[in-house]
Amino acid sequence: ADNVRLPPMVFDMVAKLEKRLAAQPNDAEGWARLGRSYVVLERKDKALAAYAKAYELAPDNTAVLSDYAWLVFNENPGVTTGLAQTLYVRLAKLEPAHPDALWFLGFMAFQQGDLRTAVNHWERLLKLLPAEDPGRQHLQQAIDSARKKARR
Numbered sequence: 002a003d004n005v006r007l008p009p010m011v012f013d014m015v016a017k018l019e020k021r022l023a024a025q026p027n028d029a030e031g032w033a034r035l036g037r038s039y040v041v042l043e044r045k046d047k048a049l050a051a052y053a054k055a056y057e058l059a060p061d062n063t064a065v066l067s068d069y070a071w072l073v074f075n076e077n078p079g080v081t082t083g084l085a086q087t088l089y090v091r092l093a094k095l096e097p098a099h100p101d102a103l104w105f106l107g108f109m110a111f112q113q114g115d116l117r118t119a120v121n122h123w124e125r126l127l128k129l130l131p132a133e134d135p136g137r138q139h140l141q142q143a144i145d146s147a148r149k150k151a152r153r
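Here this note's numbering runs 1 ahead of the position in the sequence shown, where the first position is 1.
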């Protein structure tokens with residue numbers, strides 16, 4: 002990836018946030034903000050560590066949880082076990098209609114060959130997506146594909 006040109010003040014803000022969190026390590030929101038900053042700076046390892054800290058401090062915060070889960074899953078897209086699974090299952094418990102959780106749980110079920118469950122999750126997600134959402138078409142294709150596979 003090309004190195005993103007960022008204004009120097011972004012680095013100053015990150016440095017200030019790092020310093021503040023060193024002094025106040027129990028600020029879950031601060032850790033999440035630092036995690037988001039690291040994502041922008043393309044420092045994945047640091048982003049994962051910051052989100053891990055935010056999650057440890059606020060395990061029921063669905064915004065932190067969904068960002069952290071997405072980051073973990075994108076480290077190994079296609080792997081629906083381990084930490085990604087743990088995080089998304091927790092997210093679904095806390096917020097059963099969370100779009101990311103519905104997508105992931107459907108994908109996980111699809112990978113395990115549980116096509117009915119996959120379709121179930123994805124159809125719930127389809128109902129939540131606005132009509133103009135570009136993801137609707139891909140989701141509908143995934144649902145059709147799972148249904149076709151289930152009929153074989």
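I should point out that these hints are in silico values taken from the structure, not numbers from a laboratory. Don't be surprised by glycine CBs; every beta carbon is placed ideally from N, CA and C. Don't take each hint at face value.
Claimed, not checked - In silico DSS-like cross-links for lysine-lysine, where the CA-CA straight-line distance does not exceed 30 angstroms:
id	residue 1	residue 2
1	Lys150	Lys128
2	Lys128	Lys149
3	Lys45	Lys20
Said to hold, decoys possible - Quick list of the computed label-pair ranges, beta carbon to beta carbon:
id	residue 1	residue 2	range
4	Asp61	Arg117	23 to 33 angstroms
5	Ala132	Pro8	29 to 39 angstroms
6	Arg153	Ala23	32 to 42 angstroms
7	Arg125	Lys150	54 to 64 angstroms
8	Glu30	Gly136	42 to 52 angstroms
9	Gln142	Lys20	44 to 54 angstroms
10	Gly79	Gln25	17 to 27 angstroms
11	Gly114	Val90	17 to 27 angstroms
Inset, instruction - Hints the structure violates: just list their numbers, smallest first. - result: 6, 7, 8 and 10
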